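Number of protein chains: 2
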Amino acid sequence: MEQLKQAIRERGNVLSDQVLKVDTFLNHQVDVNLMAAIGEEFARLFSESGITKVLTIESSGIAPSFMAASTLGTPLIFARKKKSLTMNNDVFVSSVYSFTKQETNDITVSKDFLDAGDVVLIIDDFLANGQAALGLIDIVHQAGAHVAGIGIVIEKSFQDGRKLLEEQGYRVESLARVHQLSEGRVTFVDELTTTKTK
Amino acid sequence: MEQLKQAIRERGNVLSDQVLKVDTFLNHQVDVNLMAAIGEEFARLFSESGITKVLTIESSGIAPSFMAASTLGTPLIFARKKKSLTMNNDVFVSSVYSFTKQETNDITVSKDFLDAGDVVLIIDDFLANGQAALGLIDIVHQAGAHVAGIGIVIEKSFQDGRKLLEEQGYRVESLARVHQLSEGRVTFVDELTTTKTK
Chain A
1 MEQLKQAIRE RGNVLSDQVL KVDTFLNHQV DVNLMAAIGE EFARLFSESG ITKVLTIESS
61 GIAPSFMAAS TLGTPLIFAR KKKSLTMNND VFVSSVYSFT KQETNDITVS KDFLDAGDVV
121 LIIDDFLANG QAALGLIDIV HQAGAHVAGI GIVIEKSFQD GRKLLEEQGY RVESLARVHQ
181 LSEGRVTFVD ELTTTKTK
Chain B
1 MEQLKQAIRE RGNVLSDQVL KVDTFLNHQV DVNLMAAIGE EFARLFSESG ITKVLTIESS
61 GIAPSFMAAS TLGTPLIFAR KKKSLTMNND VFVSSVYSFT KQETNDITVS KDFLDAGDVV
121 LIIDDFLANG QAALGLIDIV HQAGAHVAGI GIVIEKSFQD GRKLLEEQGY RVESLARVHQ
181 LSEGRVTFVD ELTTTKTK
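Each protein sequence line maps, in turn, to chains A and B. Residue numbers 1 to 198, in full-length UniProt numbering, belong to the letters of the first sequence in order. Residue numbers 1 to 198, in full-length UniProt numbering, belong to the letters of the second sequence in order.
Because the hints were derived from the structure by calculation, they are not lab data. Please read all numbers here as calculations on a predicted model, not as lab measurements. This list has only true hints and no planted wrong ones.
With a straight-line cut-off of 20 Å between C-alpha atoms, the simulated EDC-like cross-links for lysine to aspartate or glutamate are:
hint: 1; chain 1: A; residue 1: K81; chain 2: B; residue 2: E103
hint: 2; chain 1: A; residue 1: K81; chain 2: B; residue 2: E58
hint: 3; chain 1: B; residue 1: K82; chain 2: A; residue 2: D106
hint: 4; chain 1: A; residue 1: K101; chain 2: A; residue 2: D17
hint: 5; chain 1: A; residue 1: K21; chain 2: B; residue 2: E58
hint: 6; chain 1: A; residue 1: K5; chain 2: A; residue 2: E183
hint: 7; chain 1: A; residue 1: K21; chain 2: B; residue 2: D112
hint: 8; chain 1: B; residue 1: K21; chain 2: B; residue 2: E58
hint: 9; chain 1: A; residue 1: K82; chain 2: B; residue 2: D106
hint: 10; chain 1: A; residue 1: K82; chain 2: B; residue 2: E103
hint: 11; chain 1: B; residue 1: K82; chain 2: A; residue 2: E58
hint: 12; chain 1: A; residue 1: K82; chain 2: B; residue 2: E58
hint: 13; chain 1: B; residue 1: K81; chain 2: B; residue 2: E103
hint: 14; chain 1: B; residue 1: K82; chain 2: B; residue 2: D138
hint: 15; chain 1: A; residue 1: K21; chain 2: B; residue 2: D90
hint: 16; chain 1: B; residue 1: K82; chain 2: A; residue 2: E103
hint: 17; chain 1: B; residue 1: K81; chain 2: A; residue 2: E103
hint: 18; chain 1: B; residue 1: K21; chain 2: A; residue 2: E58
hint: 19; chain 1: A; residue 1: K81; chain 2: A; residue 2: E58
hint: 20; chain 1: B; residue 1: K21; chain 2: A; residue 2: D112
hint: 21; chain 1: A; residue 1: K81; chain 2: B; residue 2: D106
Just chain A, same shape as in the assembly (with noise of 0.2 Å):
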């Protein structure tokens, strides 16, 4: 998606070879328009999968999944990674390991509002290692329901979660792709050329 490649070439940080720091349009300040565009375009990749939930987890999913579930005429359900004081026992628990801060979270969605009938649209900011989005997967199987696919926005496309995603068989439809984060500058992985030596 060339807007949202824009977007992290001119509005995004390479701290480190790993991370990419997105919160002048994605996590913390948002560009509202860009992620209308964003959930629009999960919403186009997946109008035919006869979507019935966006599943997506708190905070940073919200906002690019907001404009999906609308578009696609669904409600969106953000998966809790604290249960909330009101949250009953019954939810769906999964546990998520997070390489990044070295830590295992559990996250719950409550199970009034996953069923058997669903079609589950999965969205999420980042996949890096893919954790989160196996919880999430992990959740909806639990509930009994399919899952359509998995929408990301950005993809670092060195970590191994798309590769964990499709070796299970699921559908990743990733907005950018970052091949290489290196000396402060992003390269997408459809900017790769193939060289031929003469």
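Got chain A sorted already, so can you dock chain B onto it with the hints?
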């Protein structure tokens, strides 16, 4: 806002005289169409205020703020309850006491996203004791910026929040004002009729 009051009546859940659960449409499962209408209503109410930024707090503030920022043509900033890993130390911090959880938590906003020229619309999902709103106001003031007003989705009018904010001169616009939660039923402020004795 009639559409919101109807959602509260039909899809809300009165857990006690103090607690209204709205995770069916606001803070876990999200009715994006209702949230869009709410955001547009905030934008209409503050259309003459010269808003340059919409500020909310993760996670439940994001959905009702999304269309407000979009309609006003401004960025949306969500204050972090936990400092993110990529956040540096150039942040505004305010301590917010939660009467419900009986704990104090810091909320943070990067200094990159608010400055003295900003006119800020603060949006939050609930107004109870006003502590979160006061924390957000504190952050706007640390930036030297101006608070145009506070937009609230659901106000618990039987708690002190509105009084505290109005005493300090702030404009408070709540789209649903709950007078009472009692015996599983919600009474809104504008449903109170003056009963005259003969």
